Amino acid sequence: MKNLLSMEHLTNEEILHILERARAFENGEGSQLARSYNVANLFFEPSTRTKTSFEMAEHRIGCTVIPFDAGFSSALKGETMYDTVKTLEMIGLDAVVIRAKEDEYYNELLEGINCAVINAGDGAGQHPSQSLLDLYTIQKEFGTFENLKITIVGDISHSRVAKSNAAALTKLGANVRFLCPEEWAGQFEAHHSWDELIHDSDVIMLLRIQHERHSVSKSFSKESYHEQYGLTVEREAQMKDGAIIMHPAPVNRDVEIADELVECERSRIFQQVRNGVFARMAILETILKGRE
Amino acid sequence: MKNLLSMEHLTNEEILHILERARAFENGEGSQLARSYNVANLFFEPSTRTKTSFEMAEHRIGCTVIPFDAGFSSALKGETMYDTVKTLEMIGLDAVVIRAKEDEYYNELLEGINCAVINAGDGAGQHPSQSLLDLYTIQKEFGTFENLKITIVGDISHSRVAKSNAAALTKLGANVRFLCPEEWAGQFEAHHSWDELIHDSDVIMLLRIQHERHSVSKSFSKESYHEQYGLTVEREAQMKDGAIIMHPAPVNRDVEIADELVECERSRIFQQVRNGVFARMAILETILKGRE
Amino acid sequence: MKNLLSMEHLTNEEILHILERARAFENGEGSQLARSYNVANLFFEPSTRTKTSFEMAEHRIGCTVIPFDAGFSSALKGETMYDTVKTLEMIGLDAVVIRAKEDEYYNELLEGINCAVINAGDGAGQHPSQSLLDLYTIQKEFGTFENLKITIVGDISHSRVAKSNAAALTKLGANVRFLCPEEWAGQFEAHHSWDELIHDSDVIMLLRIQHERHSVSKSFSKESYHEQYGLTVEREAQMKDGAIIMHPAPVNRDVEIADELVECERSRIFQQVRNGVFARMAILETILKGRE
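Chains as they are written, first to last, in our numbering: chain A, 1 to 292; chain B, 1 to 292; chain C, 1 to 292.
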């Protein structure tokens, strides 16, 4: 593993190795890297948790983080992604973590770039580090992925998380179902009612309504979305024993999920954030070690 | 002391402890913290000196500063302050330093948050770290607060500094007077002329005219403000021996104070900046130690 | 050398000393500084490579970098450059690296400021650290500057790089020629055709068309600029053996230079970026050591 671009490039073995290293880090093990590496985080879209989570992970495995202010960079002068990353490589960066608006922006970086590239989200494409922390959260809970019933709810067609997770979970043996309004199903076959899904789901994975990308919907107000597709207090009461709630956050309270459920017993929403640091330490370590 | 939210929450003993630790730091003493802590600075409003001062203080007491770009964060996606801070806590932050537009934003953070919260300015509310550095500056100069005549000049009603300082100084035994145009007195009883105040003030504490919050005044140009309420060269000449001039900065030269007085012998304006690093080291140490 | 403001202030000895230290750093030598220094980078204009290059250089010579977000600072509140820098000095900064829109902004800082000032670009003025890395790149290639034929191409009159380099190279014995449209020659005497220059140039130094400062030209489209003044594949074929191509970047591909030449054998464009870190380590070390 020389880069992390898309979940589709990862074998089950690679995924399970990263989860194992995440667990080792959570148990207090140190990094296996031979030296300190220089890393920069290039976030061309707003983010709190992903960027800060990577910063913390980098710090914890002994990397030096060289600040890069994407909102104020030469990209504003029309520089290509290739030239920006090549420049950072020549400055001495060993790895760059990138979030960008363009789907598969990393295709530009496959040739001629020698520093490691970690995709922290590409447009409406993939978000593999989020996917790996989600997998880690599920594995911690259930020990396995085999035959788990996992329901992904929301704007499937625009969600990086949905696409990354659906591919990976299926490959690992889980049974993935989708719930969303007709117009948001995209290429996927989706359910349109909670009735068939709420009772037997092991994991309910809510997606964020992305105000940035489009308004909730022409056909839905926030209130009517919550009523039809949100996880209400009534629906949570119908979930089976041991089932958990996940959300990549930031949460729109009372839209995707009722305000009072965000920190309820079933919710792993803030645990996911905590797990994210361990997953990202594992990602960075695996990639940097693979280049030693 | 688990957090620093408002000067009103501090006892005189807590204030004097912080000033004592600030003095120890200025004298070259090291931090008494048992380990390195992770800190983030969340500045949702522009600031040079406060943010940079905290960054330096954090560095000097051995903290790791995890960068957080408030102008580019999930707050833009409508995330609540609670969710932002809870997220940072789960990522592993031990303390967050926050400046925000909303008065008493920290009320949201009193329950459910386990990391330390340090208020670096809330709307038109309080600015306790500025207040503590002002107190430290006065204590260094006079050794005591008892019976000092302290004149605060400017937009009292909108000033975080005025409110924090007036409360604390009065509690510590000083005699605080206000000077401002009628419309800026707010809840306070104010003088409207320098005549009764210029000769016997030990400290003249000028406030910044806050262009960001409102124009100087409908009734005043910058020139006429300077003439009526500014510290002119003529007025400085009437100050008593040993009296000092303070200003939280940034200074509007020739508005609050004549350009040539900014670095005059009586001025402690840049000394305040220097003292601020020691005061903030003391604040951070006291709060983090109180949680060990 | 207490500051680095403009190439015009440097003697040949000072320049050659910096190049020698850059080479030592490239060869793996460590810094000669007695302690760790605190440095801030104040970039009031967008930049990737210069800011990141300074950050890396500061890190490599053991400095502590205190973050400063110029786009979000008190300068927005109308603070003068003097007051901003004086404040940073009082906070404990030993050196500040500044890029600003105003020509010779540093004149304000010549009196009363005790921390070191390193000019990272002033308006349409100078860009001395870029110039020093260019000189280092040329020296590495040719061993000397004497009698080298160096052709600078582009918007001479608005280019910080052109001005800094022309002055320094001439002083060091090189023969500098300019090529540009009539309207961009400014105070310089320029050629208007490649014909007299392409065959005997040792160095072709292309300048960036600065979209930020003005549109390409009223009289030129990007295509016609490329045709008349750009380095095309045909022109590169006429360059003499051993001649090299330089560009301060970011490159406008197919405007100043044909896309396929950016990483051709003659090109030193990305090598310049790499050399920039060594040159900046040398600059910082020389200035901080000069103050010990």
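Just so you know, the hints here were simulated from the structure itself, not pulled from any lab data. None of the values given here were measured: they were computed from a predicted structure. The beta-carbon is built from N, C-alpha and C at its ideal position, and this holds for glycine as well. It is possible that some hints are incorrect.
Cβ pair distances, simulated, as ranges [said to hold, decoys possible]:
no., chain 1, residue 1, chain 2, residue 2, range
1, B, H17, A, N147, 56 to 64 Å
2, A, G186, C, N107, 57 to 65 Å
3, A, Q187, C, E234, 25 to 33 Å
4, C, D241, A, E20, 54 to 62 Å
5, C, E227, A, L16, 43 to 51 Å
6, B, E292, A, E29, 34 to 42 Å
7, C, G123, B, H17, 44 to 52 Å
8, C, E29, A, K101, 38 to 46 Å
9, A, E20, C, Q271, 47 to 55 Å
10, C, D195, A, T80, 27 to 35 Å
11, A, G62, C, T11, 55 to 63 Å
12, A, G62, C, C264, 33 to 41 Å
Covered stretches of chain C, as calculated for chain B (at least 3 residues, CB under 8 Å) [as the list claims (entries may be wrong)]:
no., region
13, 60-67
14, 127-136
Okay, the hints, checked on the actual structure:
1. H17/B / N147/A: 56 to 64 Å: 60 Å, holds
2. G186/A / N107/C: 57 to 65 Å: Given range 57 to 65 Å: holds, Cβ gap about 59 Å.
3. Q187/A / E234/C: 25 to 33 Å: 48 Å, violated
4. D241/C / E20/A: 54 to 62 Å: 56 Å, holds
5. E227/C / L16/A: 43 to 51 Å: 57 Å, violated
6. E292/B / E29/A: 34 to 42 Å: Since E292/B and E29/A have Cβ atoms about 25 Å apart, the given range 34 to 42 Å is violated.
7. G123/C / H17/B: 44 to 52 Å: 49 Å, holds
8. E29/C / K101/A: 38 to 46 Å: 42 Å, holds
9. E20/A / Q271/C: 47 to 55 Å: Violated, since E20/A and Q271/C (Cβ atoms, about 41 Å apart) do not stay within the stated range.
10. D195/C / T80/A: 27 to 35 Å: 31 Å, holds
11. G62/A / T11/C: 55 to 63 Å: 42 Å, violated
12. G62/A / C264/C: 33 to 41 Å: Hint holds: Cβ distance 38 Å, inside 33 to 41 Å.
13. 60-67: holds (count 3)
14. 127-136: Coverage by chain B is violated here, the residue count being 0 at a Cβ distance below 8 Å.
The structure fails to meet hints 3, 5, 6, 9, 11, 14 from the earlier list, while all remaining hints are met.
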